[in-house]
Structures are given as structure tokens and as C-alpha cells.
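Asks: All chains, full assembly: derive it from the sequences and hints.
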Amino acid sequence: MALPQMQPAATQDSDLIRETLAGSQVSFQLLVERYQGRIFAVARNYTRSTVEVEDIVQDTFLKAFKRLDSFQHQASFSTWLQRIAINTALDLLKRHGRSPVQAVEDPELVAGGPAQPGARRILAPDARLEREEIAEVTQRVLEELPDIFRTVLVLREFEDRAYQEIADLLGVSIGTVESRLFRARARFKEALLRLYPEFDPELNRGDA
Amino acid sequence: MKKERCEQAEALVPGYLDGELSEEQAAPLRRHLLSCPDCRTAAQDLTSLRRWFPAPDPVEVPEGFAARVARAAFAGVEPGQRLVEEPAPAPPAETRAGAGEVLPFLLTVTSVAATALFIFAVMLGNAEQPSGEQLVAEPLPEILRDLDELNGRTPLGVPPELESEDRPVR
Chain D
1 MALPQMQPAA TQDSDLIRET LAGSQVSFQL LVERYQGRIF AVARNYTRST
51 VEVEDIVQDT FLKAFKRLDS FQHQASFSTW LQRIAINTAL DLLKRHGRSP
101 VQAVEDPELV AGGPAQPGAR RILAPDARLE REEIAEVTQR VLEELPDIFR
151 TVLVLREFED RAYQEIADLL GVSIGTVESR LFRARARFKE ALLRLYPEFD
201 PELNRGDA
Chain S
1 MKKERCEQAE ALVPGYLDGE LSEEQAAPLR RHLLSCPDCR TAAQDLTSLR
51 RWFPAPDPVE VPEGFAARVA RAAFAGVEPG QRLVEEPAPA PPAETRAGAG
101 EVLPFLLTVT SVAATALFIF AVMLGNAEQP SGEQLVAEPL PEILRDLDEL
151 NGRTPLGVPP ELESEDRPVR
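Chains as they are written, first to last, in the working numbering: chain D, 1 to 208; chain S, 1 to 170.
These are calculated hints, taken from the structure and not from any lab test.
Keep in mind it's a predicted model, so treat the numbers as computed, not measured.
Glycine included, each C-beta is placed from N, C-alpha and C at the ideal position.
A portion of the hints provided could be inaccurate.
Have a look at the derived ranges for each label pair, beta carbon to beta carbon [claimed, not checked]: (1) D:S179 - S:G80: 28 to 38 Å; (2) S:G80 - D:S70: 44 to 54 Å; (3) D:E19 - S:R51: 42 to 52 Å; (4) D:H96 - S:P54: 35 to 45 Å.
Replies: This is the structure we're talking about:
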């Protein structure tokens, strides 16, 4: 006996959106429940403060609610929400002075670009480092990165997103994702070695 | 040329490690990596970098989060405003005060009431009193003059303070 077919999620999203717009608080709550996990996962890539993570997620859903009538169904609701979440997180970092000023240096236009990823080596975190310590170092280093590099790096490295998914989320081509990822990794290494020279293999070799 | 192959490999290694290459692209790269220690080292460096991004813990959503957000959205809460539920209005002081706080509270209320009553009483009294501009000297009663003449004395003026005290209250 064939199992009853589940309704496609996209249809359910559009139903819930329509009902929310018609005044159903319950439908909006169901939408929030469906995507809150994903949005929390996005938000925590940008801060280690649980209060700030919750603020980002709350603001994301409140903004989505306010703009729900402008949601275009070409993109998935999930993608649309995640874009809002990323922008909300970046705004928060800017407000708190934890994001480099973009205007000084547009990384996409810098002639020559950053050092090639292969130019410098880094050490993997020491096995004795606690997970919390690693996360602390990583967040500190990420704060040194311009928004576009930071975002592509956390989506790829923390969340294991495919290039195509990142491209859809950011509204850019796969080639741009590859290029940004390449530079982002180089920037991450450079910042890591600058802030934590102890992870430079050359330095460690000298000590040994 | 080996260098050119290494450059090509370097461009492909991230996609290879990210699982983004087709088998058609991956096969020649794999062969190159097997034969080129430098490119293997470069690839290993990328994996070292990725270890700075440990898999995060499962997401923990606070209990009742969606209900709070939905309620706030429909209540017109703006993005940026905190969604902390408004605390219940504070109960009246009498019910809030503990046993040890009742006496100081009563003393305060009594003193305030007494002060208010005193001020009110003073204002009421003043309202009945004439102001200085309203004080008018009355002519001396003729009887005093007559009595002085009878006593053969020069008439004496009545001190002003007596004048004012004797004036009828209006």
C-alpha cells in the first residue's frame, strides 16, 4: 500500500505565508518553528554571545514579518530568511564595532589581492586545545575579516554548505563563491598568524 | 610543465577538498597529488585551516521562542526592540511590603499626611487674615479723648500696635 504523499514543503510555506498575511499568528508561529533552528545556526556563526544570537534571530523573524508582503516566491522562504539573518548579524557586528570598515579597502577591488593561500602555512589547532578555546580564537580571527569573506567562510566551514547553496544565498555566481572562499581562507590564515604567531609552523620549528 | 600543473592543482584543491569537483575534474588532480609532495603539503595546509572550524554543537532553541516571536510580531514590536515579556505591574506598596517594612512605611505616610495637613491649615488661616495693605488706622474713639480731658492730661496717641490689634476683624 502506497504511503500518502507528503505535501511539498514549499507549498506549505506559501500557505503559511498567505495565512500570516491574512492575520494568523498561529501560521507565523509555525513558520518560525520550522526555520528557527536554521536561523539560530546562521546567527551563531557571527557571535559567541547567546544573548546576541537570540537578538539576531528575533530581529530576523520580526523583519521577515514586516516585509512578508514583499517576499517574492522566486527564492525559497528559507533562503530569503537566511539572507535577512546574515545582514542582521553583520549589522549587529558593525554596531558593536566588531567588523572591519569596508570602505577603506574593497577586497574585491584590491589589485593583486591577498597573499596566495599556499604562500604561508598554518598549524592546525593543538589537540590539547579545548573546543571552546578553538572557537574563541576562530571568532577573534573572523572579526578581522571583511563581511564578504567572513560570511562565505562560515557558511562553508561551519555549516558545510555546498558552493551552489552559498551562491544562491548570497545572490552571486559559483565562480564568485570560489574566488571569495579562496581569498577568505588566505585572509583567515594571515589574520590567525598575525594575532596568534604561535600557530606559525616556521616559528614552532625554530623553537623545537 | 610541472609548475603549470601545480598552479592548476592549487586552484582545484579547495574544490577537491570541499567535495565540489566532478570525478572528471578530480581524477587528474588526484594523480597529480600522488606525484607531487609540494601540492600534497599545500592541500594538507587547507585541511589544517579547516580544523579551526570545528563542527558546531546542535542548535538549542530556547523553549517557547517561536510563540514569543509570533506574539511580539503581531503586537507590533519593531526589530531591534527586546522581546522580553513585560513584567506584571508592581503590586501596591501595602501588599508588597514585608512584615519588617510596614512600620517605616506607616511612619512615612503619617509624616507626609501631617505635613500636608499643617500646610493646609496654615493656608486656610492666612486666607482669613488681611494683608498689610488692607490695614487701615481707625480714628481714636472720642471717649478716650474725653477721658483725657477730664483727667486734665494731654491726649496720648495710641500706639500703632494697639491700633492694629484693636481693629475689628473683617
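Asks: Hint by hint, note whether the structure agrees.
Replies: Now the hints, each set against the structure:
1. D:S179 - S:G80: 28 to 38 Å: holds (34 Å)
2. S:G80 - D:S70: 44 to 54 Å: Once the Cβ atoms are compared, 19 Å apart, the range 44 to 54 Å for S70 (chain D) and G80 (chain S) is violated.
3. D:E19 - S:R51: 42 to 52 Å: Once the Cβ atoms are compared, 45 Å apart, the range 42 to 52 Å for R51 (chain S) and E19 (chain D) holds.
4. D:H96 - S:P54: 35 to 45 Å: Taking Cβ atoms as reference, H96 (chain D) and P54 (chain S) lie about 24 Å apart, which means the hint is violated.
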